[in-house]
Amino acid sequence: MAMAEATSIHAPEKVEKSKGYWSGVGHRLVRDPLTMFCLAVIAALILSAVFAPYLGLADPYKGSMIARLKPIGAPGYPLGTDEQGRDMLARLIYGGRLTLFIGLMPVVIAFFAGSILGITAGYVGGLTNTIIMRTVDVFFAFPSVLLAIAISGALGAGIVNSLVSLTIVFIPPITRVAEAVTSGVRKLDYIDAARASGASAWTVIRVHVIGNVLSPIFVYATSLTSVCMILAAGLSFLGIGVRPPEPEWGLMLNTLRSVIYVNPWLSALPGVMIFVTSLCLNLLSDGLRSAMNVRD
Amino acid sequence: MTKLLEMKNLNVRFKGKRTVHAINDVSLSMEQGETLALLGESGSGKSVTLKTLLGLLPPKRSEIDGSIHVNGTDIMSLRGKALQRYRGGEVSMVFQEPALALDPVYTVGHQIAESVMRHKGVNKAEAMSTALDMLDRVRIPSANRRLHNYPHELSGGMRQRVMIALALACRPRLLLADEPTTALDATVQIQILLLLRELQKEFGMGVIFVTHDIGVAVEISERIAVMYAGQVVEEGTTHEIIRDARHPYTQGLLAANLHDVARGERLNAIPGAPPALEVRPDSCPFAPRCPVAMPECAAGLPPLHLPSDRRRVACLRAAQPLAAE
Chain A
1 MAMAEATSIH APEKVEKSKG YWSGVGHRLV RDPLTMFCLA VIAALILSAV
51 FAPYLGLADP YKGSMIARLK PIGAPGYPLG TDEQGRDMLA RLIYGGRLTL
101 FIGLMPVVIA FFAGSILGIT AGYVGGLTNT IIMRTVDVFF AFPSVLLAIA
151 ISGALGAGIV NSLVSLTIVF IPPITRVAEA VTSGVRKLDY IDAARASGAS
201 AWTVIRVHVI GNVLSPIFVY ATSLTSVCMI LAAGLSFLGI GVRPPEPEWG
251 LMLNTLRSVI YVNPWLSALP GVMIFVTSLC LNLLSDGLRS AMNVRD
Chain B
1 MTKLLEMKNL NVRFKGKRTV HAINDVSLSM EQGETLALLG ESGSGKSVTL
51 KTLLGLLPPK RSEIDGSIHV NGTDIMSLRG KALQRYRGGE VSMVFQEPAL
101 ALDPVYTVGH QIAESVMRHK GVNKAEAMST ALDMLDRVRI PSANRRLHNY
151 PHELSGGMRQ RVMIALALAC RPRLLLADEP TTALDATVQI QILLLLRELQ
201 KEFGMGVIFV THDIGVAVEI SERIAVMYAG QVVEEGTTHE IIRDARHPYT
251 QGLLAANLHD VARGERLNAI PGAPPALEVR PDSCPFAPRC PVAMPECAAG
301 LPPLHLPSDR RRVACLRAAQ PLAAE
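Taken in order, these protein sequences are the chains called A and B.
Heads up: the first sequence at position 234 corresponds to 234 in this note's numbering, and the numbers run straight through without jumps.
Heads up: the second sequence at position 74 corresponds to 74 in this note's numbering, and the numbers run straight through without jumps.
Misleading hints may appear alongside valid ones.
Below 20 Å or equal to it, Euclidean Cα-Cα: the simulated EDC-like pairs (lysine to aspartate or glutamate) are [unchecked claim]: (1) B:K120 x B:E97; (2) B:K81 x B:E97; (3) B:K15 x B:E63; (4) B:K51 x A:D189; (5) A:K187 x B:E278; (6) B:K3 x B:E34; (7) B:K81 x A:E83; (8) B:K51 x A:D192; (9) B:K15 x B:D25; (10) B:K3 x B:E41; (11) A:K187 x B:E97; (12) B:K8 x B:E97; (13) B:K15 x B:E222; (14) B:K17 x B:D74; (15) B:K60 x A:D192; (16) B:K8 x B:D25; (17) B:K8 x B:D309; (18) B:K120 x B:D133.
For the record, the hints were derived by calculation from the structure and aren't laboratory data.
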């Protein structure tokens, strides 16, 4: 055949280096200005929280009886002071440490735990699936806020307890999503094709199942971070999360609630921080979703 | 020389809410480098036969008995590592729908290289150059660029070429092709058929080609086995099947084509539908649809009539001179 001859004189070329999946994702992210802006805001919040002691801020714990409830823009206090005369700017930035930690850690832990549970349930199926999914279903009987409050209330106030309770709240929905995408993927031909080409069960799971289900689970988990932050702030607001005098946005919102008629702008500040962070996380998760989709 | 494939009295039953007797007493044999077409309509057990050959059926829900030897190895006893070496190394498979059989999140080069690394134990760079060589061999233009494409970036015909490259990358002795041209449009079908035929000669491998299209079977294969209701009802060389079909079902399939039919005339179809295989057939399964059925047909399974070497027909009438229809 003519075609066969044409290819037989075809000299073997050198293989080019593949660009890889993540560089493609990065490339698409960079071209999305809104997502990049949100990423910058989140990065700034995280960096300022991490490096708060080096920013030359006032002591967030030190109050002053004479400098209470200074308005925003007062000399020496760019964002004013709270009801005990503590510098609001310092407290907001230091508050980011705890708030972001409590807002992100449960989702990270729940992402791993939920993915393992969900992928196992989805891939193994049968009785294993029934046991895992029915157990998870029990948690769906309660609204997530109530569940977090109930667990926190039972465990008592404190940072570790709110981490634990929030993690427990987020494992079921992530497991659900992981199970759904995995059992969808499991039935597809390429899983059979991989087995037909000699892949072991472990390779099939590691390469073909996880490769296909991880990005939807990851995107779902990022969308939960904003919910988690709000829940964490809510727990502190109710007094079953972080205890005073620790700076934490939810807790600050709670204590400043009493001065809302005296200085409404001041009491809104922690709320603004929560709002901005969770909005940026949501938009970032949307941007990631479209950047991680190779198919279109 | 050992036979490439020796399948004896294979039976496959699927259990579950209802039992399905998918394969009933199928025996097949193939010499090295031979091309066999499994011909039959949907549900006749063609794909199940292929999946059994690779051990891909769900172990909990299927009961398999009989024996299958590939190159002298009993594949029913293969487990673990040996089974993984056999799949893809000795026997590999081209699937019907290339869009679904390629993993969407990896580039095609990566997928071929993965299989090569698994079987040949070479490093990534070597595996990639094997992948490149394979893409060249399946006549993909500018293979070096295609290597880094994702499956969704390729056309249907191109994807099927990649699928073939993937299946052949480890030089299997037997290639199973499960209706590889069904999902493609007619012009691409011919290209893929020609390609498979060339590669089969080039690599000297045996091919089992599953199809429901008798034209495709004739085009590609040396031998044809006609399946009906999980049984092989007739087997012979392509020439014998075309020229001298003995089983009424084969005759029906040959008659049911578009050639020589005047416009407006009804096509020559076989009436009825294949039986549900909830019980194991104990008489000729084709008898209810057979135009030349006799009362004896319902009495028991028809004996195999063997007119010549490696030719067989499961029909009572096969021994008799053909009745004019």
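Evaluated hints:
1. B:K120 x B:E97: violated (27 Å)
2. B:K81 x B:E97: violated (28 Å)
3. B:K15 x B:E63: Status holds; Cα separation ~8 Å.
4. B:K51 x A:D189: Distance of about 12 Å is within 20 Å: holds.
5. A:K187 x B:E278: With Cα atoms ~24 Å apart, K187 (chain A) and E278 (chain B) exceed 20 Å; violated.
6. B:K3 x B:E34: holds (10 Å)
7. B:K81 x A:E83: Roughly 70 Å between the alpha carbons, so the hint for K81 (chain B) and E83 (chain A) is violated.
8. B:K51 x A:D192: holds (9 Å)
9. B:K15 x B:D25: holds (17 Å)
10. B:K3 x B:E41: violated (28 Å)
11. A:K187 x B:E97: Satisfied, since the Cα-Cα distance of roughly 14 Å is no more than 20 Å.
12. B:K8 x B:E97: Cα-Cα ~29 Å, so violated.
13. B:K15 x B:E222: Roughly 35 Å between the alpha carbons, so the hint for K15 (chain B) and E222 (chain B) is violated.
14. B:K17 x B:D74: violated (31 Å)
15. B:K60 x A:D192: holds (16 Å)
16. B:K8 x B:D25: Distance of about 8 Å is within 20 Å: holds.
17. B:K8 x B:D309: Within the cut-off at roughly 17 Å; holds.
18. B:K120 x B:D133: holds (15 Å)
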